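Peer 1: Chains as they are written, first to last, in numbering that gives the first Met the number 0: chain A, 0 to 288; chain B, 0 to 328; chain C, 0 to 253.
Just so you know, these hints were derived from the structure itself, not from any lab.
Heads up, a few of these hints could be off.
To be verified - Pairs of lysine-lysine, DSS-like flavour, derived with a Cα cap of 30 Å:
| # | chain 1 | residue 1 | chain 2 | residue 2 |
| --- | --- | --- | --- | --- |
| 1 | A | 85 | C | 150 |
| 2 | C | 17 | C | 65 |
| 3 | C | 32 | C | 17 |
| 4 | A | 85 | B | 308 |
| 5 | A | 85 | A | 163 |
| 6 | C | 65 | B | 182 |
| 7 | C | 150 | B | 182 |
Claimed, not checked - Which chain A residues stay away from chain B? Per the calculated CB distances, all over 12 Å, these:
| # | residue |
| --- | --- |
| 8 | 9 |
| 9 | 60 |
| 10 | 64 |
| 11 | 67 |
| 12 | 178 |
| 13 | 235 |
Note that the coordinates shown come from a computational prediction; the quantities given were computed from them, not determined experimentally.
Ideal Cβ placement from N, Cα and C applies to all residues, glycine included.
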Amino acid sequence: MLLQLSLSGLTQGALYALIALSLTVLFRATTIVNFGHGDFVLGGAFGVYVLVMLLGLPFVPSAILATVVMFGFGIVISRGLIDPIKAGPHIGFAMMSISLGYVFRGTTRALWGREVFPMPRVFDIEPIFVGHLVITGDTMIITGVVTMLLAACAFVFYQTSIGKLTQAIYQSERGAMLIGINVRRFHDVMWGFALALGAIGGILIAPISLLHPDLGAGFLIRGFAAMTLGGFGSLGGAVVGGVILGLAEQYSGAYLNSALIDITSYLVIIIVLVVRPNGLFGKQVIVRV
Amino acid sequence: MSGDTASGSPAPVQRSRWISTFYLLPVLAAFIPLFANEYIQFMANRMLVYILVTVGFNLVVGNLGQLAFANTAFFGIGAYSTAIMMSHVGLPYWVALIIAAIAGGLAGLLASITALRGIRLYYLAIITLAFGELMRWVYLHADKVTMGSDGLPLPPLDLFGLPITTEVGKFYIFLAITVVVVKATSNLLRSRIGRAIMAIRDNELTTASLGISTAHHIVLAFVWSGVVVGIAGAMFAALVGRVFPESFGLIEVIVHFAMVMVGGTGSLIGSVIGGVTLTALPEYFRQFPGMEELFFGIIIICILLFLPKGIASILAKLSAVFRERYYLD
Amino acid sequence: MDPLLELKNVSVHFAGLKALTDVSFAARGGEVKAVIGPNGAGKTTLFNVISGYVPPTAGEIYLENKPIHGLAPHHISARGVRRTFQNGGLFGEMTVLENVLTGLHVQISSGFFGLMLGTRAARNAEREATEKARRLLDMMDMGEFADQQVKSLSGGQQRIVEIVRTVATEPPLMLLDEPAVGLSPPMRERMMEIIRRLAGEQGVAILLIEHAIDLVMAGADVIIVLNAGQKIAEGSPEQVREDREVLEAYLGHA
Chain A
0 MLLQLSLSGL TQGALYALIA LSLTVLFRAT TIVNFGHGDF VLGGAFGVYV LVMLLGLPFV
60 PSAILATVVM FGFGIVISRG LIDPIKAGPH IGFAMMSISL GYVFRGTTRA LWGREVFPMP
120 RVFDIEPIFV GHLVITGDTM IITGVVTMLL AACAFVFYQT SIGKLTQAIY QSERGAMLIG
180 INVRRFHDVM WGFALALGAI GGILIAPISL LHPDLGAGFL IRGFAAMTLG GFGSLGGAVV
240 GGVILGLAEQ YSGAYLNSAL IDITSYLVII IVLVVRPNGL FGKQVIVRV
Chain B
0 MSGDTASGSP APVQRSRWIS TFYLLPVLAA FIPLFANEYI QFMANRMLVY ILVTVGFNLV
60 VGNLGQLAFA NTAFFGIGAY STAIMMSHVG LPYWVALIIA AIAGGLAGLL ASITALRGIR
120 LYYLAIITLA FGELMRWVYL HADKVTMGSD GLPLPPLDLF GLPITTEVGK FYIFLAITVV
180 VVKATSNLLR SRIGRAIMAI RDNELTTASL GISTAHHIVL AFVWSGVVVG IAGAMFAALV
240 GRVFPESFGL IEVIVHFAMV MVGGTGSLIG SVIGGVTLTA LPEYFRQFPG MEELFFGIII
300 ICILLFLPKG IASILAKLSA VFRERYYLD
Chain C
0 MDPLLELKNV SVHFAGLKAL TDVSFAARGG EVKAVIGPNG AGKTTLFNVI SGYVPPTAGE
60 IYLENKPIHG LAPHHISARG VRRTFQNGGL FGEMTVLENV LTGLHVQISS GFFGLMLGTR
120 AARNAEREAT EKARRLLDMM DMGEFADQQV KSLSGGQQRI VEIVRTVATE PPLMLLDEPA
180 VGLSPPMRER MMEIIRRLAG EQGVAILLIE HAIDLVMAGA DVIIVLNAGQ KIAEGSPEQV
240 REDREVLEAY LGHA
């Protein structure tokens, strides 16, 4: 039982890790936490649903198309909404991102109406049985895809010049501009990339959940909790945090109270902020006067 | 001392012009019932409620500069306290109102703890939003007391024996309360307390070095905000007659936020403007799913892009009278 | 008159670097004392050690005959040592008058309920403070800007507002770190004049670091010259101008 739970926790955790990772990528690149992110993840899911169910396209091309569209959205947001207010106080970005989240949620709800959409199974993979353990096709796909993405991100950020670019821009935007780096384009691309990553999370979630507009808020809070636990700004931390959160939810839901699943994220945030505000691997979060 | 000085900057306006302009508003407002039908009167009452909601919220977001979204929590606590005190304990409205104010203040105290511990920006936003959601969960599940999703009705109002059954009656009570609360807030904002709060917003480190206790004033701002919005909640309860948990959810958050942004962050006049102008809209949009969130989100985005300091900033440009941004008298 | 501030054989050594060695002097109310010296001479370290940001490796510092060496900066600030920094820390969204009033905050004796209810006592306390703030601003010829938002003023004007705000806190000792840097020539002279008035009319003891020798020669009562962490001269402008060691070290010619 414990092992099966752990497997579910791992699968969920992998998804949360992906959401947290995309949030962290954006935060590292722009110092902005995107309050609309959960809804963009949902946007990826919704996009795939529309393409597959209503337009009849096969799954994989739909997934790719949805991801590309979200990437485009990211660029549009960066250019049109974030760039124009960059001269103002940082609180303005927070306000913008919160409002963006609401706009997305409202749009989704308006398009969705009041129904809930189930998506039929996409991949017919036989589950693997290991002793009492059932490893479903979904688990394999999700953990597989997420692991590949993580590896790709790790490679990009730690091995290639993009990682160095991120560091440079993070430490001094002006300095970066002075030596010829196109910071604006960098931000645009990172927004697109972060949204695309999130969208993939949504695409992975779509076949296994009942989708409805309020899921977005849940994604955001879990992503946020994972980031807090792992340490704000830490890419590895986001992944670790996501996995731990996924496990924590499953355990507390099974052993304590099923109502706890929804508020596990809030509890994690509060506990971490009280006990160890910097999370497991993170940088400073508290303002001391 | 009126008119321009040699340097070209207009001198501050005399106090007498102030008093005449701004005490005029409530006096004019007192005549509204003569021209209004039931529906417009109801709207006017709503506006008074939301003036206080916005004034309270602006204190924390605009004057203290913290992105703390505990407003719906204060609002709901004020409304439910009033309803509970009147329905279950049988207290008269004016006593329930005071209790709502105190309850709101206590909620403000609770909310201030996170800010005191140095928690800022995104964390503060999420935790305060969580506070509001937690309260909504309580309203839903403590249904022995709150009647859960059925809503908690208020018994008929009376003011020291005189029954208040019409919107007009409520209007004058609300108007009196609003004037008193806004004036008290204005007094606070113009004093050293208001300056200290804004100093914390502008530069927290320097404020401390001037011997001003930042902790003290952060708590004060939150508590006063809680009191004001708690009172607004009490008015809301009387207005709608039956208090439901859904009235205090995430959608309400963006409505409050939009009112502050549209009016002008940090401006008391702006709060009044924001509360008045945006009140009629939520009613209209509620029919279509998602419209409220969409509309108010877009409004805020537009404000951020094109008019960051809200309508109050336009008024400040037009007239010296409005230049003292946050004064109402 | 006993000196307000006394440094006795103060040294500050960091690992391998002797920032200050055996520096002694005193500062008195009503006196403008300028600290000059080439870059790296230790002037900023001197301010840091007086205001508590850096503890002295040796020596003692007394404020009104009480030791302050080793105390934390906010304690030293609470005892009356005010330091202005180059980036100010003015409250940009508030007006000039309001900024000065924050300096008077602790002197206004009214509480929450009095202010909220608008009692006569509270209103009087506020009015007195406002009048005092306006007087201070007028004294510094900034009265006309009283009701303007601080962020709409020029850099030099903002510096002056910050000084007025600091003066409002009635400090016995002010440490001014390059108050004239980056200002236009007429503003620089105005700044020096304000500083002199602070000392002369308000009796504040002023220590200032300045690179503009002309200003210092004209405006300071006493000049201290530092070179490589050591005090090589102290005296009136005329004395210092003639001092051979100073000329060699600093001005580049004998």
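Peer 1: Compare the structure with each hint and give your call.
Peer 2: So, going through the hints one by one against the coordinates:
1. A:85 - C:150: holds, 18 Å
2. C:17 - C:65: holds, 26 Å
3. C:32 - C:17: With Cα atoms ~23 Å apart, residue 32 (chain C) and residue 17 (chain C) stay inside 30 Å; holds.
4. A:85 - B:308: holds, 15 Å
5. A:85 - A:163: holds, 23 Å
6. C:65 - B:182: Roughly 47 Å separates the two Cα atoms, so the pair is violated.
7. C:150 - B:182: Roughly 28 Å separates the two Cα atoms, so the pair holds.
8. 9: holds, 25 Å
9. 60: holds, 29 Å
10. 64: Given a closest Cβ separation of 24 Å, the condition holds.
11. 67: Residue 67 (chain A) clear of chain B: closest Cβ-Cβ about 24 Å, beyond 12 Å.
12. 178: The assertion about residue 178 (chain A) holds, with a minimum of 30 Å to chain B.
13. 235: Fine: 20 Å to the nearest Cβ keeps residue 235 (chain A) off the interface.
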